[in-house]
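When you get a sec, could you build the whole thing from the sequences and use the hints?
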Amino acid sequence: MSVFLQQLPALMGVMVGALGSYVVVVRGDRMRFGREQAARWEERRLAVYADYAQSVKKTVTVTYRVAADAGVDPHPDPLTLEQAQPLLADATTRRDPAGEALIMLGSPAVVEKARAWVVTALEMERFVREHREDREAWQALLERQRAGREGYYAAVREDLGLPPGHSARWPLPAVDPVPPQR
Numbered sequence: 020m021s022v023f024l025q026q027l028p029a030l031m032g033v034m035v036g037a038l039g040s041y042v043v044v045v046r047g048d049r050m051r052f053g054r055e056q057a058a059r060w061e062e063r064r065l066a067v068y069a070d071y072a073q074s075v076k077k078t079v080t081v082t083y084r085v086a087a088d089a090g091v092d093p094h095p096d097p098l099t100l101e102q103a104q105p106l107l108a109d110a111t112t113r114r115d116p117a118g119e120a121l122i123m124l125g126s127p128a129v130v131e132k133a134r135a136w137v138v139t140a141l142e143m144e145r146f147v148r149e150h151r152e153d154r155e156a157w158q159a160l161l162e163r164q165r166a167g168r169e170g171y172y173a174a175v176r177e178d179l180g181l182p183p184g185h186s187a188r189w190p191l192p193a194v195d196p197v198p199p200q201r
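Per the working numbering, residue 20 is the first one in the sequence shown, and the count goes up by one each step.
What the hints contain is simulated information worked out from the structure, not anything from laboratory work. Where is the CB? At the ideal position from N, CA and C, for every residue including glycine. One or more of the hints may lead you astray.
[Said to hold, decoys possible] Quick list of the computed label-pair ranges, beta carbon to beta carbon:
| hint | residue 1 | residue 2 | range |
| --- | --- | --- | --- |
| 1 | Arg165 | Pro127 | 18 to 24 Å |
| 2 | Val43 | Ala120 | 37 to 43 Å |
| 3 | Gln73 | Gln102 | 43 to 49 Å |
| 4 | Thr80 | Gly184 | 46 to 52 Å |
| 5 | Thr99 | His185 | 31 to 37 Å |
Following this line, the structure appears as structure tokens:
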């Protein structure tokens, strides 16, 4: 028997081993790439979700302050509607592109909860722009806004596979029944 034929089984073993190693490395690289890509998209979605929440919350906070000026909210830093106009415009300008990013990258459940939350925030803005002083209506809007925010955060956590979080419902001081004198 020739030397080549004697070495053929060993040569075949080396070739099979090299092919197996190649397949394992390529498959491992693909899996790692997939995990890294999924992690990058998850980080991006979290950033979009947080940016959108901050933009909606800016509108909400400004409306709290204007409502405090009208005597229907206990916010400690009241603001007249005239002073609030540029802040509300800025909040809208920031919220619109954040909303577009949310629509592009967000899950349908998160986008729907975001829509419900922002609709309530816009109703709060309309309330203060109309100079309404109905405390019960304001309290109802506050409850809807808080429930909308809580629903949005719950949908975000579910989409990102995070554990449930805090509801962010803290007891607030009662509103003084006497409106401030102007």
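Outcome of the hint check:
no. : hint                         : result
1   : Arg165 to Pro127: 18 to 24 Å : holds, 23 Å
2   : Val43 to Ala120: 37 to 43 Å  : holds, 39 Å
3   : Gln73 to Gln102: 43 to 49 Å  : violated, 21 Å
4   : Thr80 to Gly184: 46 to 52 Å  : violated, 20 Å
5   : Thr99 to His185: 31 to 37 Å  : holds, 33 Å
In summary, the numbered hints that this structure violates are 3, 4.
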